[in-house]
Amino acid sequence: METKLQALRDAVKRYDPNQPRVPAGNPEGGQWTDGGGGTGGRLPSGPGTLLDVDDSPSERVRLAANKPRNQRRDFPRIPRRRPRTEKERNRALRNLTKLVDQLIQEDEVFRSIEVILDVLDVGDWVLREYREVLQTHINPTKTLEELHEDVFKTIPGTQVHHIVEQGSAYQDGFPRSAIDASDNLVRIPIVRHEEITGWFNTRNPRFGGRKPREYLRGRTWEERRKLGIEALMKFEVLKR
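Numbering-wise, the working numbering puts 444 at position 52 of the sequence shown, and it's gapless, one number per residue.
Hints may be right or wrong, so weigh each one.
[Stated by the list, open to error] The calculated label-pair distances, taken between Cβ atoms and stated as ranges, are:
hint : residue 1 : residue 2 : range
1    : Trp517    : Glu615    : 41 to 47 Å
2    : Arg611    : Asp510    : 43 to 49 Å
3    : Gly601    : Asn487    : 27 to 33 Å
4    : Pro532    : Arg609    : 19 to 25 Å
5    : Pro597    : Arg632    : 20 to 26 Å
6    : Asp575    : Gly610    : 21 to 27 Å
7    : Gly565    : Asn482    : 33 to 39 Å
8    : Pro475    : Glu615    : 37 to 43 Å
9    : Gly601    : Glu521    : 33 to 39 Å
10   : Glu506    : Glu606    : 39 to 45 Å
11   : Asn596    : Gln494    : 19 to 25 Å
12   : Pro532    : Asn593    : 25 to 31 Å
[Said to hold, decoys possible] Under the rule of at most 30 Å between Cα atoms (straight-line distance), these lysine-lysine pairs were calculated in the DSBU-like manner:
hint : residue 1 : residue 2
13   : Lys534    : Lys626
14   : Lys490    : Lys618
15   : Lys603    : Lys490
16   : Lys545    : Lys631
17   : Lys479    : Lys545
18   : Lys618    : Lys631
19   : Lys631    : Lys490
20   : Lys534    : Lys618
21   : Lys626    : Lys545
22   : Lys545    : Lys490
23   : Lys490    : Lys534
24   : Lys631    : Lys603
25   : Lys479    : Lys603
26   : Lys479    : Lys618
27   : Lys545    : Lys618
28   : Lys479    : Lys490
29   : Lys545    : Lys534
30   : Lys626    : Lys603
31   : Lys603    : Lys618
32   : Lys490    : Lys626
33   : Lys534    : Lys631
34   : Lys603    : Lys534
I should point out that these hints are in silico values taken from the structure, not numbers from a laboratory. Think of the CB as a built atom: it goes at the ideal place given N, C-alpha and C, for glycine as much as any other residue.
Could you build all of it, start to finish, from the sequences and the hints given here?
Here is the structure:
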């Protein structure tokens, strides 16, 4: 197990999410490439290589490792020492969840707190303060029914979220009884909740340069709910 984790650590240090891959549809689609016509960037296999970690698909972490350092973008490092301010700790948490999201796209083996914290070599303070937040963040997506049911449970690392954005709905005269109705409430991971809230408050060319929250003003309840459901899928909370 330790050999396996060390191989993952070494690969993550060289990981580049921007390295080209063989186009989907090819026999080796999805494999990393050097950007040319072949698959020169595929990770080597055999004893002592990353793919020697485990042959099962869920364990084969296909990470780019061939670009020179000056040709790739490195992820922000997660401080091993606990930052002094809450702002710095929150920034570290956001950086960590973004990195984890990228890694999970490559292999489901990263849906494990133990693997994440060991492979990424983060400080113990992350585990002490954010274990529940990280655990809910990496959990698989759920059905709408499951998200509704979770509202009535106590789940650390989560918050209750309104599907129909409550601020603009209330301003447009929709009653609190509708806004706070059980079919408009879901329980979702804290970081996902923050991401969705930020998306609703960010100008978007899709809505004519307006924020989604502004776009919703004057819209019907059905239109608002449709966009709310879309946001849950966009941020990988709701199963598609």
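Now the hints, each set against the structure:
no.	hint	in the structure
1	Trp517 with Glu615: 41 to 47 Å	holds (44 Å)
2	Arg611 with Asp510: 43 to 49 Å	holds (47 Å)
3	Gly601 with Asn487: 27 to 33 Å	holds (28 Å)
4	Pro532 with Arg609: 19 to 25 Å	violated (34 Å)
5	Pro597 with Arg632: 20 to 26 Å	holds (23 Å)
6	Asp575 with Gly610: 21 to 27 Å	holds (22 Å)
7	Gly565 with Asn482: 33 to 39 Å	holds (35 Å)
8	Pro475 with Glu615: 37 to 43 Å	holds (41 Å)
9	Gly601 with Glu521: 33 to 39 Å	holds (38 Å)
10	Glu506 with Glu606: 39 to 45 Å	holds (43 Å)
11	Asn596 with Gln494: 19 to 25 Å	holds (23 Å)
12	Pro532 with Asn593: 25 to 31 Å	holds (27 Å)
13	Lys534 with Lys626	holds (13 Å)
14	Lys490 with Lys618	holds (26 Å)
15	Lys603 with Lys490	holds (23 Å)
16	Lys545 with Lys631	holds (20 Å)
17	Lys479 with Lys545	holds (29 Å)
18	Lys618 with Lys631	holds (15 Å)
19	Lys631 with Lys490	holds (20 Å)
20	Lys534 with Lys618	holds (17 Å)
21	Lys626 with Lys545	holds (24 Å)
22	Lys545 with Lys490	holds (27 Å)
23	Lys490 with Lys534	holds (20 Å)
24	Lys631 with Lys603	holds (25 Å)
25	Lys479 with Lys603	holds (25 Å)
26	Lys479 with Lys618	violated (33 Å)
27	Lys545 with Lys618	holds (25 Å)
28	Lys479 with Lys490	holds (17 Å)
29	Lys545 with Lys534	holds (15 Å)
30	Lys626 with Lys603	holds (16 Å)
31	Lys603 with Lys618	holds (16 Å)
32	Lys490 with Lys626	holds (14 Å)
33	Lys534 with Lys631	holds (5 Å)
34	Lys603 with Lys534	holds (27 Å)
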